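What follows is each chain in one-letter form.
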Amino acid sequence: MTTLQSIPIQYYLVFCSLLFSIGVVGVLIKRNALVILMSIELMINSINLLLAAFSAYTNDPAGQIFVFFIMVVAAAEVAIGLAIVVLIYRTTHTIDINVLNKLRW
Amino acid sequence: MLIMRHELLLIAITVILLIVEIFLPNTQKHKIILPAILLMAAVTVIGFFPGTPGVLFGGMFQSTQLTMMFKNILNIGVLIVFIQSVDWLKQDQNKEKISEFFLLMLATLIGMNYMISSGDFLMFYIGLELATIPVAALAAFERLKEKSAEAGVKLIFSSALSSGILLYGLSMIYGTTGTMYFADVAPLITGVPLQVLAFIFFFAGMAFKISLVPFHLWTADVYEGAPVNVTSYLSVISKGAAVFIFTIILYTVFSKIAVMWSDLIYVVTILTITVGNLFALRQQNLKRFLAFSSIAQAGFILLGVIGQSQLGMTTVIYFVLVYIFSNLGAFGVVGIISNRTGKENINDYDGLYRTNPNLSLVMMLALFSLAGIPPLAGFFGKFFLFTAAAKQGYYILVLIALINTIISLYYYLLVIKAMLLNNSDHPIAKIRSDNYTRLGLLICVAGMVIIGFTSSIYEMVFNLSFGLY
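Top to bottom, those sequences are chains Z and C. Those letters in the first sequence? Residues 1 to 105, per this note's numbering, in order. Those letters in the second sequence? Residues 106 to 574, per this note's numbering, in order.
With the rest of the complex left out, here is chain Z:
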C-alpha cells in the first residue's frame, strides 16, 4: 500500500465532486467570460485529479495518460475560447456575457 492509497478513495470522490460542482456553478452564474473559462478549467482539473486517483488505486497507468491528453485538449479549448472573447471585446469593449443578446428567441 503506497502513501497515496492510504487515503480512502471516497475522500477523492467527494473532494472532486465538490470541485466539479463549484466549476459548474461558476459557469452557470458568472457573467464574466474570463471567469467562465476559469470555471471550466476548474471542472476539468477536478476530473484530472479524479482520474489520477482512480489510476493510482487500480494500479493502471491508463488514467494518468488520459490526464495528459485532457490537459492538451483543455489548453486548445481555452485558446479558441479566449480568441473569440477577444473578438467580442474588440467590437463591444466589454467581456460581460450579458452583451451577447443579439440572438434570442
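Since the hints were derived computationally from the structure, they do not count as laboratory data.
Simulated restraints, written as ranges between beta carbons of each label pair:
# : chain 1 : residue 1 : chain 2 : residue 2 : range
1 : Z       : 31        : C       : 150       : 43 to 53 Å
2 : C       : 531       : Z       : 17        : 58 to 68 Å
3 : Z       : 91        : C       : 531       : 28 to 38 Å
4 : Z       : 21        : C       : 448       : 37 to 47 Å
5 : C       : 372       : Z       : 96        : 32 to 42 Å
6 : Z       : 21        : C       : 504       : 36 to 46 Å
In silico contact screen, one side only, chain Z against chain C (beta carbon under 10 Å); selected entries:
#  : residue
7  : 9
8  : 27
9  : 33
10 : 40
11 : 46
12 : 48
13 : 85
14 : 88
Computed, partial: chain Z to chain C, Cβ under 8 Å:
#  : residue
15 : 44
16 : 50
17 : 66
18 : 91
19 : 100
20 : 103
Remember, it's a predicted structure, so these values are computed and weren't measured experimentally. For glycine and all other residues, C-beta sits at the position ideal for the given N, C-alpha and C.
Please arrange chain C on chain Z, whose structure you already have, making use of the hints.
The following block gives chain C in isolation, referenced to the frame of chain Z:
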C-alpha cells in the same frame, strides 16, 4: 488496403492544402477552392473502394465495414458543404480566409472519423474534441459581424461545459471498471450506482452535442448566428457523427443496462420531438426554423436508437444518410438567397416561385423530404425508424412521433405556401447562381430522389450492421 485509409487520406490532403496555402499571396487565395474540392472528391471516391476491417493501436482504433460506410456518408456530406460554400467564400469579406475554411472543416472531419472508429474512451474523447473545437472557430468565421462572434462564444462555452460533464462521466466509468477500452468495459458494467451516475453524465454530455431537449438551448442561437454553410455543417455532419458513435457506445458498452437507458431515451425522445416542433412553429427566421426542425429530427433518430437491435442501427444510419441530402438541400437554398440578398425570413420568400422557380423547387423537395412525403427518401427514413421502434413494442412512442410528424408537416408547408402561393409586391429578384451552387443542389436533389427509389442501399446498410447490437 490500409485500415486507417480514410483518416490518412484526409490528413494528407489537409497537409497538401496547408502547403499550397503558404505559397498563395493574399489576393490569390481563391485559387485554392478548386484543388480543395477536387481533392475532397477524390478522397470521397477512394473511400468507396472495398477496404479491410481491422484493429490498430491495441484496440483503440477499430475499423469495420459499418464505420467505413459511415465515413463515406460523412465524406459525401462534407463534399456537398464545400461545393455549396464557394459562392459565400468568394465574397469580399471572406476572400483572405478561404483556405482557413477548408482546413478547419477538414480538421473537424478527421476528428469525426477518429471518433467514429474509436474502440477506447481516450480516442473517443480526442476525436470528439477535434470535431468540436474548430467548429467554434468556424461559427465565428465572419468575425466582423457581432452575431457570428456571439455564435462562436456560445458554441465554445456550451461545448466546453458539455465535454467537461462527459469527461466526468468517463472518469467514473474508468474508476469502476479500471479500463478505458469499450470491449473490456462492457462486461464490467453492472449497474452499480456510480456507473448509473456515470452514464447520466455521459448521456448529458452527448445530448449537448446532438442537441436533444433539455440540452438544446445553445442550438438555435448558434445556428442563427453562424454563417449558413457552417450551420448546415453543424446540423448535419456533426450531429450525424455524434449520433452514430452515441448509438455504437449505447449498444456495445452500455448494452447490459439497456433497460435503464431505454426509459431515459423514451422520455428524451418525446420531449425532443415535441419541443423542437412546437418551437419551430413560431419561427420567422429560416435558419432558426431549420434549427428547431433539426432538433425535432434528432428526436426522430432516437426512435431508432431505443430499439436495441440490428434494425435500429440500420435505421439510424439510413436516416442520417437521407437527412444529409434533405437538410443540405434546404440549407443550400437558404444559403444562396441569404448570401445574395441578405434575406432570411419566411416572409421574404413570398412569391419566390415567380422569380426563382428552380430554387423554390429544390427547397420544396427538400422540405417534403424532411417532412416525410412518400416518393422522397425522407419518407422511407422515417418509416423505417417508426418500424424499428414499433417492433420493440413502443407503440405509444410511435403514436406521439406520428402526431408530431403531422405538426411538422404544417410548418414545412408554411414555407412552401409562402414560396408557391403567396403574392408579394417585392419578391426576391432573380438570382443567377454559379455552377458550384447548381452542382451542390443537384447532388442533394439526386440523393433525395434516388435513395427513395433504391431499396438496395437500405439492405446494404442492414447487412453491414449485423453483429453490432
